[in-house]
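Take a look at the letters that make up each chain.
Number of protein chains: 2
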Amino acid sequence: MLELTIELKTGSAKCLYEQIYEHIRKEIKEGKLLQGERLPSTRLLAENLQVARSTVELAYEQLLSEGYIESQPYRGYFVSKVEELFRLEGKKEKDIGKTTLKEAFSTDVDYIYDFSPTQIDMSRFPFSVWRKLHKNVLSDGNEKLYAQGNARGDYGLRENIARYLHASRGVNCTPEQIIVGAGNDYLLMLLEKILGPQIPIAMENPTYKRAYQIFQSFGYPITTVDMDENGMRVEELRKIDVRLVYVMPSHQYPTGVVMPIGRRGELLKWANEQADRYLIEDDYDSEFRYKGKPIPSLQASDKNDRVIYIGTFSKSIAPAIRVSYMVLPMKLVETYERKCAFYSTTVSRIEQKILDEFIREGYFERHLNKMRKCYKDKHDYMLELLEDFKKCFIITGENAGLHLLLTSKKNVSEETLIELAKLQGVKVYGLSESYVGGRNKENRGTVILGYGGMSKQEIEEGIQALRKAWL
Amino acid sequence: MLELTIELKTGSAKCLYEQIYEHIRKEIKEGKLLQGERLPSTRLLAENLQVARSTVELAYEQLLSEGYIESQPYRGYFVSKVEELFRLEGKKEKDIGKTTLKEAFSTDVDYIYDFSPTQIDMSRFPFSVWRKLHKNVLSDGNEKLYAQGNARGDYGLRENIARYLHASRGVNCTPEQIIVGAGNDYLLMLLEKILGPQIPIAMENPTYKRAYQIFQSFGYPITTVDMDENGMRVEELRKIDVRLVYVMPSHQYPTGVVMPIGRRGELLKWANEQADRYLIEDDYDSEFRYKGKPIPSLQASDKNDRVIYIGTFSKSIAPAIRVSYMVLPMKLVETYERKCAFYSTTVSRIEQKILDEFIREGYFERHLNKMRKCYKDKHDYMLELLEDFKKCFIITGENAGLHLLLTSKKNVSEETLIELAKLQGVKVYGLSESYVGGRNKENRGTVILGYGGMSKQEIEEGIQALRKAWL
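The listed protein sequences correspond, in order, to chains V and Y.
For the first sequence, the positions run 1 to 471 when our numbering is used.
For the second sequence, the positions run 1001 to 1471 when our numbering is used.
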């Protein structure tokens, strides 16, 4: 077996597992480690390097996930075959679905600051409350929670969600209309089974790319509809032949546009003109609004059973909470019963019960209020720090959510902005990524700056680095 | 608001919530409670009846789930409109997907003994170990588990599953080939996205009806293939034009047939004759084999990357554990990466970690050994008690799984057997339910007797009641 000598720097910006990962990756790329060669076991390497075994495991996991090494049951870890590696490398450039494994690591290897729009702040999560609820729920006498629950989710939780949605988002529904599932992606899969195959759908452009990919994987014919400052242009929607529209009226991703009541009315009117039209309302991030009074959901204005409402606890509580909810119009509840009620629930009763208690005991409301304040602080701080950027940039998407948009006034391209930021060790995200067709039509580059997962200190340093890069 | 007077009998075979449920249901059916009428709150009714509030909640939940009453946020519970009720009642008879809510209750209202083939024994579940693992996993320093994990499932768990499957089922795979998901139903949904729409599939007949319903909801053209004592008849399979076959070679549900090596070879040969043919192996119940040496999976004999292997922890640990795994052939791993890698994981990292520790620390193996012994005891006891049934019945499906089949030697029909058992308060299940097309072609009635969820005492009493019914 191979021996690895890696010089580890403590106090480096890069943490230990990253150093191990990068060292081995380099050796493989340079051909110093040969294909098929066996790596030392995680235990042995950890001993040799005097680090925790979990550190080596993290490094190996990253290498595995990127295809540099492979594991063979009972034999250990081996350097992957080279052709395989090149193939993986080549694929990465164009592969739209490549992000998942990389995303598992909170910071990209080459960056010091990452303004990711998808990260949230977990530092204020009420870990001890969560532990206590776990303990209570798992205590004696609750054995029935180990049984499989209702396909739609346990009644108590659904009742609780109905109450919360009514109070906070104006959603009108009974618990019967709610389906609880393990994440939005799953609920959209289930929705496909309810609505049927091949349904022509319209989406905003730019839009939430993951939803786009999902509808694409359904084989739904997708038409994008351009937006103005009030959201999707309904007169454009009228020119195309679709039955289904996916919108984010409360806070559109990524533009941050809030759809005013007039446009909502137009959209609902369009939906009501034919019997089989529906609007999917993804109420993403609606919990976090910092200015003006909260805007009720589109579902709240719907008098004709046309809105399919989707929301999640993954963003408002923690990504590990794989619990989302879908509110079906009554007509579709019946279709669900007929066509899909045999699908088993994807959420354990134990997890449902913990969440149920978290809401019922008032912890959820308190947590939301705390997080709203926390994100508002970061949001205000961002805007303050960006004051001198205004001579070169138009700032939009403020007052809600977890990100801002900066558009160059000087026609600097998105690629250039990203590249200049990268040279300062800062990761920012191009608006083009959210465009179907891959490109923002405007010449002026727009980048997304997420602040949810960054501390105020990191925000300050990151913006300072961007100042060097762009101003 | 309405006042309800319900006479509750303690010491009755029916528990309190059932009595409340039945009383209210009867009143509604007889028109004594009028549509739109408001029911007392659960708190009030519980006070009046001097029972726990949760008892009333259970009764209301059952009424709600069956559509007799409705809940309105902030207003309370109301008797449903009558037309609605009749519609629900009428639908029930033919509705194939109706079972989910009823199944949430462990015993049907009208039965004393329920030989359900889907129940498992939770009395030996290591609750305290499970609690301890929860506590450890949620302890300080594990905050990263609250982040969203790898789309395929966390690497450690997948590695652990690969090791377990190799050791116990002969499955050959790397962790890269494994996808962890919230239940078999979800994994089949994901598989549809990998394989594509409209794929002609063959299934055994009789078969596992839920899988049939799922493929039907995909719009897959399904052809059934008859079985002989060795399982699916491959010469029949050759007469039809399908690309995909769903089989349960280790212990077919419901027949209990174990596919011998010869037939497996034929099936693998069929699959290998065309580039795009695959076999889905549902390795359902394979953990529980009581006689003869354990039979490796079909995947273990597959040299050509043709078997998609699916298994679950819901049955081997607890139904609340919504964790299943799918082992993809390498070719399909690539398709998954290309087409589906953006789908977020449906299982929380916390739950994955607990399961990971449960397996890693040896608890899973110990639990399986304990349960194998527990189920073997019940199985042997069943066979012993059924000795005198052999003059009238052929007993099959023994030596594995959690149920037996009894076929009448005297041409008594399935319906008659079920009806006679019902008169003695015993629920047994007709084999016809598992037949696509709804009927067993044979004249001789066959019923399924599941013993997983019953105590030995209940088994003894239940069989005694069946003796009265049938002999």
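Hints were generated in silico from the structure; no laboratory data involved.
Take the hints with a grain of salt, since some may be wrong.
[Claimed, not checked] Derived pair list, reagent style DSS-like, types lysine-lysine, alpha-carbon separation capped at 27 Å: (1) Y/LYS1132 <-> V/LYS132; (2) Y/LYS1193 <-> V/LYS193; (3) Y/LYS1209 <-> V/LYS427; (4) V/LYS144 <-> Y/LYS1376; (5) V/LYS370 <-> Y/LYS1144; (6) V/LYS269 <-> V/LYS303; (7) Y/LYS1209 <-> V/LYS193; (8) Y/LYS1135 <-> V/LYS370; (9) Y/LYS1209 <-> Y/LYS1193; (10) Y/LYS1391 <-> Y/LYS1370; (11) V/LYS390 <-> V/LYS376; (12) Y/LYS1456 <-> Y/LYS1422; (13) V/LYS456 <-> V/LYS427; (14) V/LYS378 <-> V/LYS303; (15) Y/LYS1144 <-> V/LYS456; (16) V/LYS390 <-> V/LYS456.
Checklist line | Distance restraint between Y/LYS1209 and V/LYS193, which requires alpha-carbon spacing of 27 Å or less | finding: 17 Å, holds
Notebook entry, point to check: Given the proposed pairing of Y/LYS1209 with V/LYS427, does the C-alpha separation stay at or below 27 Å?
Noted result: 50 Å, violated
Checklist line | Pairwise hint evaluation, V/LYS427 against V/LYS456, where the allowed Cα distance is 27 Å at most | finding: Roughly 16 Å separates the two Cα atoms, so the pair holds.
Notebook entry, point to check: Has the given pair, V/LYS269 with V/LYS303, been kept, meaning a C-alpha gap of at most 27 Å?
Noted result: Within the cut-off at roughly 10 Å; holds.
Note to self: Hint check: V/LYS390 vs V/LYS376, CA-CA at most 27 Å. Holds or violated?
What the structure shows: With a Cα-Cα distance of about 20 Å, the restraint between V/LYS390 and V/LYS376 holds, given a limit of 27 Å.
Margin query: For a C-alpha distance cap of 27 Å, please report whether V/LYS378 and V/LYS303 respect it.
Written below: 38 Å, violated
Notebook entry, point to check: Is the hinted pair Y/LYS1456 and Y/LYS1422 satisfied, with a Cα-Cα distance of at most 27 Å?
Noted result: Roughly 20 Å between the alpha carbons, so the hint for Y/LYS1456 and Y/LYS1422 holds.
Checklist line | Restraint status (C-alpha distance of Y/LYS1144 to V/LYS456 at most 27 Å) | finding: 20 Å, holds
Checklist line | Distance restraint between Y/LYS1193 and V/LYS193, which requires alpha-carbon spacing of 27 Å or less | finding: Since the Cα atoms of Y/LYS1193 and V/LYS193 sit roughly 12 Å apart, the hinted pair holds (cutoff 27 Å).
Next item on the list: For the pair we were handed, V/LYS144 and Y/LYS1376, check the Cα-Cα distance against 27 Å.
Entry: 24 Å, holds
Margin query: Need the status of pair Y/LYS1135, V/LYS370: alpha-carbon distance at most 27 Å?
Written below: 26 Å, holds
Margin query: Next pair to validate is Y/LYS1209 with Y/LYS1193; report whether the Cα-Cα distance is within 27 Å.
Written below: 21 Å, holds
In terms of the numbered hints stated before, the structure departs from hints 3, 10, 14, listed from lowest to highest.
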